[in-house]
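**Student:** Residues per chain, in single letters:
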Amino acid sequence: EADIYQTPRYLVIGTGKKITLECSQTMGHDKMYWYQQDPGMELHLIHYSYGVNSTEKGDLSSESTVSRIRTEHFPLTLESARPSHTSQYLCASSDFMGSRETQYFGPGTRLLVL
Amino acid sequence: GESVGLHLPTLSVQEGDNSIINCAYSNSASDYFIWYKQESGKGPQFIIDIRSNMDKRQGQRVTVLLNKTVKHLSLQIAATQPGDSAVYFCAEGRDSNYQLIWGAGTKLIIKP
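Chains A and B are the protein sequences, given in the same order.
Numbered per this note's numbering, the first sequence spans residues 1 to 114.
Numbered per this note's numbering, the second sequence spans residues 1 to 112.
These are calculated hints, taken from the structure and not from any lab test.
Remember, it's a predicted structure, so these values are computed and weren't measured experimentally.
Backbone N, C-alpha and C define an ideal beta-carbon position, used for all residues, glycine too.
Take these hints with a grain of salt, some might be off.
Unchecked claim - The calculated label-pair distances, taken between Cβ atoms and stated as ranges, are: (1) A:Thr65 <-> B:Glu15: 38 to 48 Å; (2) A:Gly51 <-> B:Lys42: 22 to 32 Å; (3) B:Gln58 <-> A:Val12: 40 to 50 Å; (4) B:Asp31 <-> A:Thr65: 42 to 52 Å; (5) B:His72 <-> A:Arg82: 36 to 46 Å; (6) A:Ile69 <-> B:Lys42: 26 to 36 Å.
The whole structure should be built from the sequences, with the hints applied where relevant.
**Tutor:** Below is the structure:
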């Protein structure tokens with residue numbers, strides 16, 4: 001089982017609120033990722049990081065920001081939540097194992113914006 | 001653009017039978033392909049991978065087949081069990097970057 005944690009697991013919040021989704025991993029991985037996923041649908045990369053002080057935007061513009069001040073911590077912030085942000089957010093970290101990069105996922109945060 | 005997709009959104013299989021989940025991809029430059037399993041309320045979990053220079057790879061009760069001619073990938077699960085109920089995703093990757101391209105999932109339902 002991967003040592004990657006996300007809090008909160010579930011969040012219901014009103015429109016316009018600022019929220020931060022937490023993600024931590026204890027595996028010492030340099031690379032970390034945030035995905036947005038609607039139920040049963042494909043994962044959309046919204047942010048990633050190659051290491052401390054490195055952050056990049058992914059394919060999906062989600063109006064969110066991330067920071068990577070410590071290797072183990074990669075929080076995602078929504079400055080002003082909207083109903084269109086309702087989704088599941090998955091955090092992952094990866095290392096190169098054998099012949100390919102392997103991503104390990106946290107349990108996800110289910111967000112509902114009213 | 002590049003895409004990885006699945007043929008069927010839902011697959012129902014009798015317990016004990018073999019399951020075959022299919023995936024089509026469009027980028028012939030991919031270096032490897034990975035199958036992930038996502039159970040309800042959890043993040044995706046790695047099942048098995050295959051390099052682009054291979055045709056077949058076997059794991060415990062699972063086999064992945066790669067047909068580069070038609071850009072098709074399949075996951076075979078032998079003797080399907082109730083615990084195999086999940087959504088299965090294929091993803092492709094390149095050695096030149098760390099990002100994966102994900103396809104839409106296939107939900108596997110096990111009939112008792």
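**Student:** Take the hints in turn and mark each one as holding or not.
**Tutor:** Verification of the hints:
Look at threonine 65 of chain A against glutamate 15 of chain B: about 46 Å separates their beta carbons, and that is inside 38 to 48 Å. As the Cβ distance of glycine 51 of chain A to lysine 42 of chain B is approximately 27 Å, the hint placing it in 22 to 32 Å holds. With their beta carbons about 44 Å apart, glutamine 58 of chain B and valine 12 of chain A fall inside the hinted range of 40 to 50 Å. One distance hint, 42 to 52 Å for the beta-carbon pair aspartate 31 of chain B and threonine 65 of chain A, is violated here, with the actual separation near 31 Å.
Roughly 39 Å separates the CB atoms of histidine 72 of chain B and arginine 82 of chain A, a value that falls within the hinted 36 to 46 Å. Range check, isoleucine 69 of chain A to lysine 42 of chain B: Cβ separation about 28 Å, and the 26 to 36 Å hint holds.
Of the numbered hints listed earlier, the single one contradicted by the structure is hint 4.
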